[in-house]
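Trainee: Protein chains in written order, with UniProt numbering: chain A, 1 to 121; chain B, 1 to 111; chain C, 1 to 98.
The set of hints was computed from the structure by calculation and includes no laboratory data.
Some clues are possibly wrong.
List time: in silico EDC-like cross-link candidates among lysine to aspartate or glutamate, alpha-carbon distance up to 20 angstroms [stated by the list, open to error]:
hint : chain 1 : residue 1 : chain 2 : residue 2
1    : A       : Lys51     : C       : Glu31
2    : A       : Lys62     : A       : Glu26
3    : A       : Lys62     : B       : Glu58
4    : B       : Lys75     : A       : Asp73
5    : A       : Lys57     : B       : Glu79
6    : A       : Lys110    : A       : Asp73
7    : A       : Lys62     : B       : Asp24
8    : A       : Lys83     : C       : Glu31
9    : A       : Lys6      : A       : Glu72
10   : B       : Lys70     : B       : Glu5
11   : B       : Lys80     : B       : Glu47
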Amino acid sequence: MSDAKKFMFVNRKAPYGTIYALESLEVVLISAAFDQDVSLVFLDDGVYQLKKGQQTKGIETKNFSPAYRALEDYDVEKLYVEKEAMEARGLTEEDFLVPVTVLSRAEMGKLMDEQDVVLSF
Amino acid sequence: MASIEVGGKSYETDEEGYLINLSDWNTDVANYIAQTESINMTEQHWEVINFLREYFEEYQIAPAVRVLTKAIGKKLGAEKGNSEYLYGLFPYGPGKQACKIAGLPKPTGCV
Amino acid sequence: MLHIINKSPLTGSTLDSCLNTATGGDILLIEDAVYAATRGSAVEARLRAAMGKFKVHVLMPDLDARGMGDRLMEGVSPVDYGGFVELTVNNKNCQSWL
């Protein structure tokens with residue numbers, strides 16, 4: 001693990017309206033095989049991806065939100081949510097499918113600086 | 001579109017033999033697919049198949065082999081949560097073969 | 001006139017453009033725009049203020065898909081796909097704010 005790089009996946013889009021959220025999740029699951037130091041961050045509308053209670057039958061689209069709960073099995077355990085984005089959307093930590101760490105915008109910026117690779121979705 | 005015939009009924013598959021509709025799955029279909037993979041289904045095979053189906057039900061993804069191995073170890077014991085055991089049951093890969101028999105999509109990241 | 005919006009109100013200016021330009025009528029929020037119809041968001045007041053001028057509708061299958069069905073804002077009327085069709089039929093014209 002000493003040569004592991006720090007990878008950050010930046011999620012900024014709401015689910016279903018565009019394909020970004022699902023694409024990001026798939027890339028995360030695939031890249032988990034490479035044993036890197038992975039962080040997932042949720043900014044702006046990206047925080048909506050983690051909202052509990054998604055029911056997609058009505059739009060005939062696959063509900064991929066249960067897969068966020070499998071991230072732990074893939075050893076992806078660093079999930080960060082931007083506080084300002086969460087609050088602007090009337091959400092709290094209790095609204096999320098998985099345990100997350102809430103960071104302020106400033107803390108998020110610092111975390112971003114520490115990364116070797118940043119992938120944006 | 002490719003398809004398989006089981007018990008007089010036709011089921012759609014992709015070109016690699018994975019079921020298109022998850023809801024088409026039943027034990028007859030599973031046995032048929034196992035046969036095409038030259039696998040003789042035993043209780044140990046079914047244990048893995050059922051585990052995979054439950055995992056998919058819960059998380060909506062077919063787990064990667066590494067994840068499957070670890071999760072099986074947790075649920076069924078360390079003597080089953082290792083590659084030797086799982087590859088013994090599914091020689092061409094528990095991800096590939098077991099998912100196909102379980103009627104699941106190919107695991108994400110499995111090529 | 002029916003105005004259909006499908007972009008998130010928090011990351012784009014589509015909703016604002018519509019509210020600033022349109023003179024009244026029906027607004028239908030679909031896809032990522034349904035977040036505009038939820039309680040507690042930063043655009044709640046903005047939409048509420050527009051309700052005098054517009055009748056606001058939201059496509060429920062899209063709101064449910066996003067797990068927000070239980071926080072539909074008061075005063076927004078929920079519609080299903082049938083209601084969507086009715087809105088397009090009952091208005092003499094329609095604009096999709098892409």
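Trainee: Are the hints correct? Go through all of them and say.
Mentor: Here is how each hint holds up against the structure:
1. Between Lys51/A and Glu31/C, the direct Cα distance comes to roughly 16 angstroms. Compliance with the 20 angstroms bound is thereby established for this hinted pair.
2. At roughly 13 angstroms between alpha-carbon atoms, Lys62/A and Glu26/A fall within 20 angstroms of each other, so this suggested pair holds.
3. A distance of roughly 14 angstroms separates the Cα atoms of Lys62/A and Glu58/B; the hinted pair therefore holds under the 20 angstroms criterion.
4. Restraint check for Lys75/B and Asp73/A: satisfied, since their Cα atoms lie roughly 13 angstroms apart, inside the 20 angstroms limit.
5. The straight-line distance between the Cα atoms of Lys57/A and Glu79/B is roughly 40 angstroms, outside the 20 angstroms bound, and the hint therefore fails.
6. In summary, the hint linking Lys110/A to Asp73/A is not supported, as the alpha carbons are separated by about 27 angstroms, beyond the 20 angstroms threshold.
7. Using a Cα cut-off of 20 angstroms, the hinted pair Lys62/A and Asp24/B holds, with the two alpha carbons roughly 17 angstroms apart.
8. In summary, the hint linking Lys83/A to Glu31/C is not supported, as the alpha carbons are separated by about 24 angstroms, beyond the 20 angstroms threshold.
9. A distance of roughly 17 angstroms separates the Cα atoms of Lys6/A and Glu72/A; the hinted pair therefore holds under the 20 angstroms criterion.
10. At most 20 angstroms may separate the alpha-carbon atoms for a hinted pair to count; Lys70/B and Glu5/B exceed this at roughly 35 angstroms.
11. Straight-line distance between C-alpha atoms of Lys80/B and Glu47/B comes to about 10 angstroms, which keeps the hinted pair within the 20 angstroms bound.
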